[in-house]
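2 protein chains.
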Amino acid sequence: MRIDLRETAEILQSFDKILLLCHAHPDGDTLGSATALAHALSAKGKKIRVECSDPIPKDFGFMFEGLANEEFEPELIAAIDVADIKLLGKESEGKYQGKIDLCIDHHGSNMMYADKVCLEPDSASAAEMIYFLLKEINAEFTPQIASCLFTGVTTDTGCMRFSNTTPRTFEVAAELAKLGADTYNIIQIFFETKTKTYAALERLALDSMRFYFSDRCAVICVTQDMYKRSGSDESETDRLANLPRQIEGVLVGVSMRELKDGSFKASVRTHGDIDASAICKRLGGGGHMGAAGCTLYGSKQQAINSLLKEIQAEIDAFIID
Amino acid sequence: MRIDLRETAEILQSFDKILLLCHAHPDGDTLGSATALAHALSAKGKKIRVECSDPIPKDFGFMFEGLANEEFEPELIAAIDVADIKLLGKESEGKYQGKIDLCIDHHGSNMMYADKVCLEPDSASAAEMIYFLLKEINAEFTPQIASCLFTGVTTDTGCMRFSNTTPRTFEVAAELAKLGADTYNIIQIFFETKTKTYAALERLALDSMRFYFSDRCAVICVTQDMYKRSGSDESETDRLANLPRQIEGVLVGVSMRELKDGSFKASVRTHGDIDASAICKRLGGGGHMGAAGCTLYGSKQQAINSLLKEIQAEIDAFIID
Numbered sequence: 459m460r461i462d463l464r465e466t467a468e469i470l471q472s473f474d475k476i477l478l479l480c481h482a483h484p485d486g487d488t489l490g491s492a493t494a495l496a497h498a499l500s501a502k503g504k505k506i507r508v509e510c511s512d513p514i515p516k517d518f519g520f521m522f523e524g525l526a527n528e529e530f531e532p533e534l535i536a537a538i539d540v541a542d543i544k545l546l547g548k549e550s551e552g553k554y555q556g557k558i559d560l561c562i563d564h565h566g567s568n569m570m571y572a573d574k575v576c577l578e579p580d581s582a583s584a585a586e587m588i589y590f591l592l593k594e595i596n597a598e599f600t601p602q603i604a605s606c607l608f609t610g611v612t613t614d615t616g617c618m619r620f621s622n623t624t625p626r627t628f629e630v631a632a633e634l635a636k637l638g639a640d641t642y643n644i645i646q647i648f649f650e651t652k653t654k655t656y657a658a659l660e661r662l663a664l665d666s667m668r669f670y671f672s673d674r675c676a677v678i679c680v681t682q683d684m685y686k687r688s689g690s691d692e693s694e695t696d697r698l699a700n701l702p703r704q705i706e707g708v709l710v711g712v713s714m715r716e717l718k719d720g721s722f723k724a725s726v727r728t729h730g731d732i733d734a735s736a737i738c739k740r741l742g743g744g745g746h747m748g749a750a751g752c753t754l755y756g757s758k759q760q761a762i763n764s765l766l767k768e769i770q771a772e773i774d775a776f777i778i779d
Numbered sequence: 459m460r461i462d463l464r465e466t467a468e469i470l471q472s473f474d475k476i477l478l479l480c481h482a483h484p485d486g487d488t489l490g491s492a493t494a495l496a497h498a499l500s501a502k503g504k505k506i507r508v509e510c511s512d513p514i515p516k517d518f519g520f521m522f523e524g525l526a527n528e529e530f531e532p533e534l535i536a537a538i539d540v541a542d543i544k545l546l547g548k549e550s551e552g553k554y555q556g557k558i559d560l561c562i563d564h565h566g567s568n569m570m571y572a573d574k575v576c577l578e579p580d581s582a583s584a585a586e587m588i589y590f591l592l593k594e595i596n597a598e599f600t601p602q603i604a605s606c607l608f609t610g611v612t613t614d615t616g617c618m619r620f621s622n623t624t625p626r627t628f629e630v631a632a633e634l635a636k637l638g639a640d641t642y643n644i645i646q647i648f649f650e651t652k653t654k655t656y657a658a659l660e661r662l663a664l665d666s667m668r669f670y671f672s673d674r675c676a677v678i679c680v681t682q683d684m685y686k687r688s689g690s691d692e693s694e695t696d697r698l699a700n701l702p703r704q705i706e707g708v709l710v711g712v713s714m715r716e717l718k719d720g721s722f723k724a725s726v727r728t729h730g731d732i733d734a735s736a737i738c739k740r741l742g743g744g745g746h747m748g749a750a751g752c753t754l755y756g757s758k759q760q761a762i763n764s765l766l767k768e769i770q771a772e773i774d775a776f777i778i779d
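Chains as they are written, first to last, in the numbering used here: chain A, 459 to 779; chain B, 459 to 779.
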């Protein structure tokens, strides 16, 4: 059942022991949203635990400072920024199947696996929703909460640069800045700092860039060999996803990376009316209009070819429109 | 004489023929600020001309749409975002020496060459000041004016990423977004689009990166030869300025470019409390705390050495502090 933010606030306020679930391979939005909510509800005397099946990357550590995160039998289980129960990770998926009471999410592709779903597909991030949710519950916005949410707002919008960014996104960012979010350092850490190994990987990735369809599509492919040569690893690959689309005239930018099992994970970024999620859905993946992903099998060339076929269909439809 | 925004508004409202001067080698802030002011004052029936001694880059063309920009004998001459009369360009400097009635600027290094100076060094951009100035004169904020100002606000802050960005900067950006600024396309054009020639130049520049002082300083140097090899030119070099500072641990990032006369223009970007303008001032340049520039002479190695000497002094002072 779909519910709105006010109903979501009422539900959260009516329970005392709440488990908040983040998606696996956690990012700034799922963690920032869940921890901001956790801090706000803890301050109201509730027992809250934030759970994620993968380790928390160190850059997000500040979000958990001061959270007791103790063990208890939850009265309410809520998934935050989790479009599909599969995204909780294999073990958690089995453990929580059929048991998730509430989902707060902004992905249009949400699988409606929770009993009650608060879904705002026009919200650029879950954190943008949580900002308004915390206002509904009259939460006190500490600088830490503001920083958690600001991290979610910026990391899910490429620091206000993706097409999901709306005037409301800017407004929320401004409010969080006024509330004491550590805007400068958050932006430096997540957008303006490259490790030397990442910088080396980026150069190898840029060298691999190939163009297709009269330069309307650009593809980079990061191989396991490139990780070895740069000293980098898969954890640093996400930031490469935007590079191909940045080239003038490119409508579809693809960043592929070879996984250890030989399969390829592709991130697709599009401009304008070209639907990245349509491309990826046909290959078993999903995502948003401007940013989506899928996993590809076979040789590198087979993987590229299967993706190019779907991209060509989208570009052709776009050009004819 | 220093005046505030209200007095500035009164002066602008009391004249009917106003010339607005932009600095040479124009950027989004000087042009966005001057054109926004021009549109707002024109709408109040005044004759306004925006003048710049260099050609207007095509990406800023939208700012001038609908501006009559006709010839007339000005009753008031105002320089916008111009810290030093020299920055008007040689010819204009001679022409307007001693004749500039008003200066609206945000550079702490302003030379106070104008009769009246409205200076807000805490403002991240002149456009941020103009936003409040237009409120003072009860201007109607058209989407075009909002876009002109949004361009200034973002281009002078590296899209909200530089240390000059304050909560007020976010607030102004949010207000401009709500007023209809074309935020997405402005950000795409100025921050997320690379020509193929720029992308090639960037790779050559990154290859030239060298580290000094235990990796606390990174320097890239773009030579005339690199322009030839990449097909790029000096107009595309500004964006390189931030790259060296992005490397983890780098406190001072320098981007040098060789001019056609063999001299070098250096852009210095710093983190934290290291004063880029102090470094550049000692070499005859100037700027802000976090971003400054200067011109260097001699061979490439001599140029680098003279800069490194000043950088070392600043880093040493910072580390001892």
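Check the hints yourself; a few may be wrong.
Identical copies look the same in the list; a pair holds intra-copy or inter-copy alike.
Unchecked claim - In silico lysine-lysine, DSS-like type, Cα no more than 27 Å apart, as pairs:
(1) K654 to K767
(2) K636 to K593
(3) K574 to K636
(4) K652 to K723
(5) K723 to K654
(6) K739 to K723
(7) K652 to K767
(8) K636 to K654
(9) K758 to K574
(10) K723 to K505
(11) K553 to K593
(12) K574 to K557
(13) K636 to K553
I should point out that these hints are in silico values taken from the structure, not numbers from a laboratory.
First find the shortest C-alpha distance between K574 and K636 inside one copy, then the shortest across copies, and answer within, between, both or neither for a cut-off of 27 Å. Neither: 33 Å inside a copy, 32 Å across copies.
27 Å Cα cut-off: does K723 pair with K505 within a copy, between copies, both or neither? The answer is neither: 37 Å in one copy and 58 Å across copies each exceed 27 Å.
Homomeric proximity label, K636 with K654: Cα distance no greater than 27 Å: Answer is neither: 33 Å inside a copy and 39 Å across each miss the 27 Å cutoff.
When no copy is specified for K652 and K723, does a C-alpha distance of 27 Å or less occur within a copy, between copies, both, or neither? Classified as both; 22 Å inside a copy, 25 Å across copies.
From the Cα coordinates, with 27 Å as the cut-off, is the pair K758 and K574 best called within, between, both, or neither? neither (41 Å within a copy, 65 Å between copies)
Could you place K636 and K593 in one of the four classes (within, between, both, neither) given a Cα distance threshold of 27 Å? Intra 15 Å, inter 21 Å, cutoff 27 Å: intra and inter.
Classify it for me, K723 with K654: is the Cα-Cα distance of at most 27 Å met within a copy, between copies, both or neither? Answer is both: 24 Å inside a copy and 26 Å across each meet the 27 Å cutoff.
Within a copy, between copies, both or neither: which one fits K574 and K557 at a CA-CA cutoff of 27 Å? Answer is within: at 11 Å inside a copy they meet the 27 Å cutoff, but 69 Å across does not.
Identical-chain pair category, K636 with K553, by Cα at 27 Å: neither (40 Å within a copy, 44 Å between copies)
Intra/inter-copy verdict for K739 and K723 if alpha-carbon distance must be at most 27 Å: within (13 Å within a copy, 49 Å between copies)
Should K654 paired with K767 be assigned to within, between, both, or neither, using CA atoms and 27 Å as the limit? between (35 Å within a copy, 24 Å between copies)
If the cutoff is 27 Å on CA atoms, where do K553 and K593 land: within, between, both or neither? Let me know, please. Result: close neither inside a copy nor across copies, 32 Å intra and 57 Å inter.
Checked against the numbered hints given earlier, the structure breaks hints 3, 8, 9, 10, 11 and 13 and satisfies all the rest.
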